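Top to bottom, those sequences are chains A and B. Position 98 of the first sequence, counting from 1, maps to 98 under this note's numbering, and the rest follow consecutively. Position 338 of the second sequence, counting from 1, maps to 338 under this note's numbering, and the rest follow consecutively.
If you're looking for bench data, these hints aren't it; they were derived computationally from the structure. One or more of the hints may lead you astray.
Unchecked claim - Only pairs whose alpha carbons sit at most 30 Å apart, straight line, appear in this in silico DSSO-like list of lysine-lysine:
no., chain 1, residue 1, chain 2, residue 2
1, A, Lys228, A, Lys198
2, B, Lys490, A, Lys269
3, A, Lys167, A, Lys226
4, B, Lys490, A, Lys303
5, A, Lys198, B, Lys532
6, A, Lys205, A, Lys74
7, A, Lys27, B, Lys532
As the list claims (entries may be wrong) - Over the 12 Å line for every Cβ pair with chain A, so calculated as not near, a few chain B residues:
no., residue
8, Glu503
9, Pro553
10, Pro559
None of these values were measured; they are calculated from a predicted model. Where a beta carbon is used, it is the ideal one built from N, C-alpha and C, also for glycine.
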Amino acid sequence: MKVTCDSNILKKGFHLVETVISSSNLKPILQNVKISAYDNSLELSTTDLEVSITYRMDCTEVLEPGTIICSENKIASIIKEWDNNTIEIIENEKVCEISCKDDYFKILCADPEEFPVIPDFTDENYVEIENRVFASMIRKTMFIALGDRTKTASSGIFFDISNDQAKMVANDGRRLAEIKKKINNPRGLTISCIIPTKGVSQILKILSDQEEVIRIKVDEKRILVKTKSSTFCSQLIDGRYPDYEKIIPSDMNKAVTLNRSEFSTAVRKGAIMTIEDYKLLCFKFFNNILELTCSTPDVGESKVTMAIEYRDEELEIGFNPDYILDFMRVVDTDHVLFELRDNKTAGIFKVGDDYQYMIMPLKLREMKN
Amino acid sequence: MSKIKILSQLVVSKIAAGEVIERPASVIKELVENSIDAGASRIEIQLEDSGKKLIRVSDNGMGMERDDVELAFLSHATSKLTTADDIFSIDTLGFRGEALPSIGSVSQTRIVSRPRGAFTGSEISIEGGILQKIKEKGSPEGTQVDVHNLFYNTPVRRKFLKSTQTEMAHISETITRFALAYPAIHFNMQHNGKSVFVYPSAKDTRERIVTIFGNEMCKELISVNTKESNISINGYVLPPNRNRPNTKMQFVFLNGRYIRDSSILHAVNAAYQNLLMSKRSPIVFLYLHVDSSEVDVNVHPTKIEVRFLNAGVIHDLVYSVIHSALKRTESHPALQASTQTMNSSRESVMQSMSDFFSETLEKNTGFQQNRNRNDYASDPIEEFLPPKNSTVTPFLQVHNSYIVEETDEGLNIIDQHALHEIILYHEICERIKTSKLVTQNLLIPELIELTPVDHVAIMRLKNDLDRLGLEIDEFGKRTIAIRTHPQILKNLDYRDLIQGLLEEIEGNETEGHTDTILSKVVKILACKGAVKSGQRLNSQEIQTLLDKKKNRPMTNFCPHGRPTILEFRISELEKQFKRK
Ligand SMILES: Nc1ncnc2c1ncn2[C@@H]1O[C@H](COP(=O)(O)OP(=O)(O)OP(=O)(O)O)[C@@H](O)[C@H]1O
Ligand SMILES: [Mg+2]
Numbered sequence: 001m002k003v004t005c006d007s008n009i010l011k012k013g014f015h016l017v018e019t020v021i022s023s024s025n026l027k028p029i030l031q032n033v034k035i036s037a038y039d040n041s042l043e044l045s046t047t048d049l050e051v052s053i054t055y056r057m058d059c060t061e062v063l064e065p066g067t068i069i070c071s072e073n074k075i076a077s078i079i080k081e082w083d084n085n086t087i088e089i090i091e092n093e094k095v096c097e098i099s100c101k102d103d104y105f106k107i108l109c110a111d112p113e114e115f116p117v118i119p120d121f122t123d124e125n126y127v128e129i130e131n132r133v134f135a136s137m138i139r140k141t142m143f144i145a146l147g148d149r150t151k152t153a154s155s156g157i158f159f160d161i162s163n164d165q166a167k168m169v170a171n172d173g174r175r176l177a178e179i180k181k182k183i184n185n186p187r188g189l190t191i192s193c194i195i196p197t198k199g200v201s202q203i204l205k206i207l208s209d210q211e212e213v214i215r216i217k218v219d220e221k222r223i224l225v226k227t228k229s230s231t232f233c234s235q236l237i238d239g240r241y242p243d244y245e246k247i248i249p250s251d252m253n254k255a256v257t258l259n260r261s262e263f264s265t266a267v268r269k270g271a272i273m274t275i276e277d278y279k280l281l282c283f284k285f286f287n288n289i290l291e292l293t294c295s296t297p298d299v300g301e302s303k304v305t306m307a308i309e310y311r312d313e314e315l316e317i318g319f320n321p322d323y324i325l326d327f328m329r330v331v332d333t334d335h336v337l338f339e340l341r342d343n344k345t346a347g348i349f350k351v352g353d354d355y356q357y358m359i360m361p362l363k364l365r366e367m368k369n
Numbered sequence: 001m002s003k004i005k006i007l008s009q010l011v012v013s014k015i016a017a018g019e020v021i022e023r024p025a026s027v028i029k030e031l032v033e034n035s036i037d038a039g040a041s042r043i044e045i046q047l048e049d050s051g052k053k054l055i056r057v058s059d060n061g062m063g064m065e066r067d068d069v070e071l072a073f074l075s076h077a078t079s080k081l082t083t084a085d086d087i088f089s090i091d092t093l094g095f096r097g098e099a100l101p102s103i104g105s106v107s108q109t110r111i112v113s114r115p116r117g118a119f120t121g122s123e124i125s126i127e128g129g130i131l132q133k134i135k136e137k138g139s140p141e142g143t144q145v146d147v148h149n150l151f152y153n154t155p156v157r158r159k160f161l162k163s164t165q166t167e168m169a170h171i172s173e174t175i176t177r178f179a180l181a182y183p184a185i186h187f188n189m190q191h192n193g194k195s196v197f198v199y200p201s202a203k204d205t206r207e208r209i210v211t212i213f214g215n216e217m218c219k220e221l222i223s224v225n226t227k228e229s230n231i232s233i234n235g236y237v238l239p240p241n242r243n244r245p246n247t248k249m250q251f252v253f254l255n256g257r258y259i260r261d262s263s264i265l266h267a268v269n270a271a272y273q274n275l276l277m278s279k280r281s282p283i284v285f286l287y288l289h290v291d292s293s294e295v296d297v298n299v300h301p302t303k304i305e306v307r308f309l310n311a312g313v314i315h316d317l318v319y320s321v322i323h324s325a326l327k328r329t330e331s332h333p334a335l336q337a338s339t340q341t342m343n344s345s346r347e348s349v350m351q352s353m354s355d356f357f358s359e360t361l362e363k364n365t366g367f368q369q370n371r372n373r374n375d376y377a378s379d380p381i382e383e384f385l386p387p388k389n390s391t392v393t394p395f396l397q398v399h400n401s402y403i404v405e406e407t408d409e410g411l412n413i414i415d416q417h418a419l420h421e422i423i424l425y426h427e428i429c430e431r432i433k434t435s436k437l438v439t440q441n442l443l444i445p446e447l448i449e450l451t452p453v454d455h456v457a458i459m460r461l462k463n464d465l466d467r468l469g470l471e472i473d474e475f476g477k478r479t480i481a482i483r484t485h486p487q488i489l490k491n492l493d494y495r496d497l498i499q500g501l502l503e504e505i506e507g508n509e510t511e512g513h514t515d516t517i518l519s520k521v522v523k524i525l526a527c528k529g530a531v532k533s534g535q536r537l538n539s540q541e542i543q544t545l546l547d548k549k550k551n552r553p554m555t556n557f558c559p560h561g562r563p564t565i566l567e568f569r570i571s572e573l574e575k576q577f578k579r580k
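For reference, chain A alone in the conformation it holds in the complex (with noise of 0.2 Å):
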């Protein structure tokens, strides 16, 4: 193998691929990354058996195809060292030489028969979503998995797809996301997975802020997303995730129209009060005011009042202000909807009519001793 290329796009390749790499040193192998040149494009990939991903770069000038595998570590920092300069990497006989103005190393290199087989797809089987949209569907729903560390089917995301309705689910037991995105979907595929968080934290490295479509294709032990210049791979979480449609109330009572940034700032303030173990609030709805109160053992009370429009039948719960908050950094709308029932039953925050959030209230519990 012989190519010449921009230290540049190496760097942004490097930097990409290396989030792949595991800390563990239990497969030594894993520790490399797979540099593959083909006619006129240079790939990168790495795995840890659970995720892959593979990077495409097309200003190269190959003079030789060929592979090599070798430690990424020891190449990502080399390159990392060279800014706007044009490298050159050999191998000849296991050996990688990489040289780049005066510098010059030579790297040992792993048989590739030793590395995995990276995943790829070429066959048609695949849905398109426009990169943005599936960006955003993930962003609105990964945050609230990102905490959980239970490993039930529950702890990923849940990606499903029929006719033309693409939809992204997350819960952790208490809270759920769910959002849903018109797509187009000519061949009428269908797609029911549950995501690993990991997997889909990294998907959202690989897609660019240009305007692009994505293929997405599953079968049925893991996901692969290809973007113009990726390709990264999921395995899948088994199980079946939870019935979670038949638990969201229906019948709610009441409703009112928060001003986001408003709504923010308040739950913020009311949140000051509160601590890690000790996190509730309590909103009272009534006659058009919010009223936030907290009040925490061996720490202090507060007081915090909102105006809003409300004029339905008065309404005191207790949530856990931190996932309030954890849902309007990812709104993008000025305005909430936020529909109530009675203090035993979620809360459902709509943002248009693709895109709720569910939380479960939280009670002080009396005791008479």
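On the provided structure of chain A, position chain B with the ligands as indicated by the hints.
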């Protein structure tokens, strides 16, 4: 034709003698054994007042002729042995001809039996050892034995019977063993007119295990199978992460008989060595078949102990079959670490210490480019740097289990789990006292499948659990639904929690003292909610833990009374290093 014979004095003298009736469960053991020996395919047990008032065992076995019924209560009357040589090749569960007479001497007992194909049955009663006249009696085919008022004539022994809960626990343990040994037999049990369980005839042991212990656990069964000359072993074992605090879940059956054999149990434990924490026991279901001439069951009157001709061979076989089965199924990575030799574990301490120091160095110099591969990862739970100039004392986590903390006088080594446990314990207690416990409703109730006996035990705790913010509901006969959890306990593994509760209350005598039950529940909540040993903590988590310790007295011992902190004084260290 009468089949029961009175054993000759010679044979009697060779039989291991002794009292076998201690409590209702032992009566049930003897009666069910008789039903199984009689070839029953369906055995029903009815109890009143945990068997203290009534034990009734009915079967659909071969039944007894009138003459046999008359002999059954006589000492050393059995149909299962005749000559002394027979003792060395016993194929039935009973052989002493002693069980019914022993039961008859301490209760008011009645047998009704009708042989298969006979027109009518016969009935005989015995009261405190005194036989009544035999009568003709219409009855279904098979045998029914009613034992009323056990120990009515021996008040001291009656007084020593334990609470309903305890006696029921013994009984269900007894039945569980039979049910596992004979999956094809239908068993059901009623207590005070209410059904406790029904184990319908199963096609194999696996199916029976599922009926008794639920699908959840059984998904992980690892089958074991081996055969060597006259010995065959098969059954199932569970992976090391499924374990118990005692050996009650180690079921070993020899030719259809539940046995406790220290050599076999030793082999089981050896196979799990290094895979389990100390004081935890694996779960196994082992079925041994050995030629009956190669084992002596006539060692102890309860027949629970046996003597093998080839004890060594059996030990090694049990060990190797389990060992290789566990090896086949990948073992838990976190547990592999403990198989390291002393040397490499010292290395890992050195490694983590040097990691720690290099980390602190970098933090202090602000030099950390290229340091963390995940810098770009959008993982928001990454470590925060401790604020500069703060009075943070240096600390370090070793083996993902202990925290070493510098103090003014020297250093502390803290057991992270034990410390967090006691802190949570105090916190929950305080919240209960001040009625300030926040509970989080769950989106989807967490469903947990239990054995029928455990189900009853947990539902008894419903009110206590409620007070602690853990609301549970009955969800079918053997499933409970958890609807809320106390906010203070995050990332609870509910299954683990419920299991822990069951272990804590098992066979406990503190009925009625809700306060102690409550404190037990708090203990378990604290234990299950606390960070685990072997769990990697980030520096912020460690800092929070240490801060809480500072602000709270009485944290030197965990709720189980073990120390949480070991203190080492610098002066001590200096002495040891012979600097002073
Ligand atoms: N359920 C039953 N169905 C048919 N026969 C029975 C039943 N129960 C007892 N018998 C008869 O009564 C006899 C005496 O029973 P008993 O339990 O006292 O002695 P055993 O079973 O022979 O020996 P062991 O004392 O070891 O149990 C048995 O040998 C059997 O013939
Ligand atoms: Mg018997």
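Status of each hint after checking the structure:
Restraint check for Lys228 of chain A and Lys198 of chain A: satisfied, since their Cα atoms lie roughly 22 Å apart, inside the 30 Å limit. A C-alpha spacing of about 24 Å is found between Lys490 of chain B and Lys269 of chain A, which places the hinted pair at or below 30 Å, so the restraint holds. Under the criterion of a C-alpha separation no larger than 30 Å, the hint pairing Lys167 of chain A with Lys226 of chain A is consistent with the structure, at around 19 Å. For the proposed pair Lys490 of chain B and Lys303 of chain A, the alpha carbon gap of about 27 Å is at most 30 Å, so the pair holds.
A distance of roughly 23 Å separates the Cα atoms of Lys198 of chain A and Lys532 of chain B; the hinted pair therefore holds under the 30 Å criterion. With a CA separation close to 22 Å, the supplied pair Lys205 of chain A and Lys74 of chain A stays within the 30 Å bound. A distance of roughly 26 Å separates the Cα atoms of Lys27 of chain A and Lys532 of chain B; the hinted pair therefore holds under the 30 Å criterion. Every Cβ of chain A is farther than 12 Å from the Cβ of Glu503 of chain B; the closest lies at roughly 21 Å, confirming the non-interface assignment.
The claim that Pro553 of chain B lies off the interface holds: its Cβ sits roughly 15 Å from the closest Cβ of chain A, which is beyond the 12 Å cut-off. Remark: the non-interface label on Pro559 of chain B is consistent with the geometry, its nearest Cβ contact in chain A lying 18 Å away (cut-off 12 Å).
Checked against the numbered hints given earlier, the structure satisfies every one of them.
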